[in-house]
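Since the structure of chain P is provided, determine the placement of chain R on it from the hints.
One line per chain: the protein sequences are P and R, in this order.
So that you can map any letter, position 43 of the first sequence is 806 in this note's numbering, and since no number is skipped, the others follow by simple counting.
So that you can map any letter, position 93 of the second sequence is 856 in this note's numbering, and since no number is skipped, the others follow by simple counting.
Watch out, some of these pointers could steer you wrong.
A pair holds if it fits inside one copy or across any two, identical chains being indistinguishable in the list.
No more than 20 Å apart at the CA atoms, straight line, and that leaves these computed lysine to aspartate or glutamate pairs for DMTMM-like [what the hints assert, rightly or not]: (1) K948 / E800; (2) K975 / E950; (3) K975 / D808; (4) K975 / D813; (5) K875 / E782; (6) K842 / E1021; (7) K1022 / D901; (8) K948 / D783; (9) K875 / E800; (10) K975 / E956; (11) K975 / D947; (12) K989 / D947; (13) K1022 / D994; (14) K819 / D830.
These are computed hints drawn from the structure, not numbers from a lab.
Protein chains: 2
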Amino acid sequence: MAVRGLPFTGRKGRSNTIEDREDAFGNLLYHYLRTGEGTEIVERDDGFIDTAWGAKAYFDPFEEWPDHHREAMRYVRGKVLDVGVGAGRVALYLQQRGHEVWGIDTSPLALKVCRERGLKHTRLMPATQLSSRLGTFDTIVMMGNNFGLVNNPRRAKWMLRRFGSMTSSDGRILADTRDPLHTDKPEHLAYHELNRKRGRMPGQVRIRVRFKTYATPWCDYLMVSKGELEDILHGTGWRPSTYVDSVSYPGLYIAVLEKA
Amino acid sequence: MAVRGLPFTGRKGRSNTIEDREDAFGNLLYHYLRTGEGTEIVERDDGFIDTAWGAKAYFDPFEEWPDHHREAMRYVRGKVLDVGVGAGRVALYLQQRGHEVWGIDTSPLALKVCRERGLKHTRLMPATQLSSRLGTFDTIVMMGNNFGLVNNPRRAKWMLRRFGSMTSSDGRILADTRDPLHTDKPEHLAYHELNRKRGRMPGQVRIRVRFKTYATPWCDYLMVSKGELEDILHGTGWRPSTYVDSVSYPGLYIAVLEKA
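So that you can see chain P by itself, here it is in the shape it has in the complex (with noise of 0.2 Å):
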């Protein structure tokens, strides 16, 4: 799970990007690239805690990727470009594979990482500073949940619109996310039922990522179901062309979006 991207607006330091201390995930990748340890730690706000995967799972190569992550790759065309990029999994196979790959991430040192591995094109930016600057795009991949980094529905739907305007014709969005309600766990069911009671979507989920003494600011990471994505899109000019299930884990998926 990956906590960066958007939209620590308003913050002090390089606008909207995250400061060293605040860099846990950028720190935990890094430690892992020199030393091959590492865990993230992942805090809900109300008290919540767990690790989430090992740091080796944002390294892995094509082969070890998750059922579905691979099988969404047959959908990635043209430039592309790779929304909270991480340690550069997605974006590295990709630009192997031959496209002209763009990587952002507000995490400085998860840039230093993927420029380290060889990933040309890294910016240091939020989401929503995006704009033509870097030109127009085919696919956007948002792998990893990362179409949780749209933060909330209301947000969700002005990023796609924007996103709408930074790609071409016949562009598609790749929205890896969950159905936060395929559980059974009752401390999700409980949270699931706290976020309902303060008007905030089920799978809205309050996080922040800590890593020795880094913590990122706390930050809302959303989950959808197919039919809160679908609620989402409406009026955003984006429609589902495609879900890629996992058959390993049930109820995470890929949505492939293209314009309606």
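Leaving out everything else, chain R in the frame of chain P:
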């Protein structure tokens, strides 16, 4: 690392034992007993956070213990008190070997795990409430870093004297700890310096365990070098008769204490 035992004095609820929402450690063990999964997350008061070890380590059979833990079992004799018994790793091994073993812990769920695993004698209490009611012990084991449960040097002296009155004339204590100064990690060296500045021992770490939405109370946990241990022992009636050093993990050791 076990954050339990003592001295949650002045707390409401069952005297000096922790309540369920605080029983992160016990819930971790109980969850592992049922599912075979679970990772202990330990948070330090300077914001440092890390996974300690998997819950599995609390259940490991003798053959999988660290070398010096296995070696230290040679020094156990007679009736045994296990302070901070956890999932019963050591207590069950010794009971199996024929010893009468009493396990105490402040975690109700840890003791439930011990009982389900077959430990005959358990008591829900902090070490500070121990008395002659449980009889006289020949060996007190504080394994799995559990010497740390003395909290701080002043309390360590008090507790060691008390242990003196609860043990036979040739009684022993197995004090498992680690030299906190045996590290080159900047985050730990910075914490030592912080501790010195606030008049604490370098290895007097203020920590809590977190698991899901459970969090133990913040608690001092003391790790000492051999020199620091010997300073603490002075005047308590105990002296180190043997040090069992870890070969695999330099800096980790078990002090076998005998009456001076």
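To see whether the hints hold, each was checked on the structure:
When the C-alpha separation of K948 and E800 is checked against a cutoff of 20 Å, the pair qualifies only between copies, where the shortest distance is 14 Å, while the shortest distance within a copy is 29 Å. In this homomeric assembly, K975 and E950 come within 20 Å of each other (Cα to Cα) only across copies, at 8 Å, whereas the closest approach inside a single copy is 25 Å. Taking the shortest alpha-carbon separations for K975 and D808, both the intra-copy value of 19 Å and the inter-copy value of 12 Å come in at or below 20 Å. In this assembly of identical chains, K975 and D813 lie within 20 Å of each other by CA distance both inside one copy and across copies; the values are 14 Å within and 6 Å between.
In this homomeric assembly, K875 and E782 come within 20 Å of each other (Cα to Cα) only inside a single copy, at 14 Å, whereas the closest approach across copies is 45 Å. When the C-alpha separation of K842 and E1021 is checked against a cutoff of 20 Å, the pair qualifies only within one copy, where the shortest distance is 15 Å, while the shortest distance between copies is 73 Å. In the homo-oligomer, the alpha carbons of K1022 and D901 lie at most 20 Å apart inside one protomer (11 Å), although the nearest pairing across protomers, at 77 Å, exceeds that limit. In the homo-oligomer, the alpha carbons of K948 and D783 lie at most 20 Å apart only across protomers (18 Å), although the nearest pairing inside one protomer, at 34 Å, exceeds that limit.
Only within a single protomer do K875 and E800 lie at most 20 Å apart by alpha-carbon distance; the minimum there is 18 Å, versus 34 Å between protomers. In the homo-oligomer, the alpha carbons of K975 and E956 lie at most 20 Å apart only across protomers (17 Å), although the nearest pairing inside one protomer, at 31 Å, exceeds that limit. Taking the shortest Cα distances, K975 and D947 sit within 20 Å of each other only across copies (15 Å), while inside one copy they are farther apart (31 Å). In this assembly of identical chains, K989 and D947 lie within 20 Å of each other by CA distance solely inside one copy; the values are 18 Å within and 49 Å between copies.
Taking the shortest Cα distances, K1022 and D994 sit within 20 Å of each other inside one copy (15 Å), while across copies they are farther apart (74 Å). With identical chains, the CA atoms of K819 and D830 are at most 20 Å apart within one copy only, with a shortest distance of 17 Å there and 29 Å across copies.
In this structure, none of the earlier numbered hints is contradicted; all agree with it.
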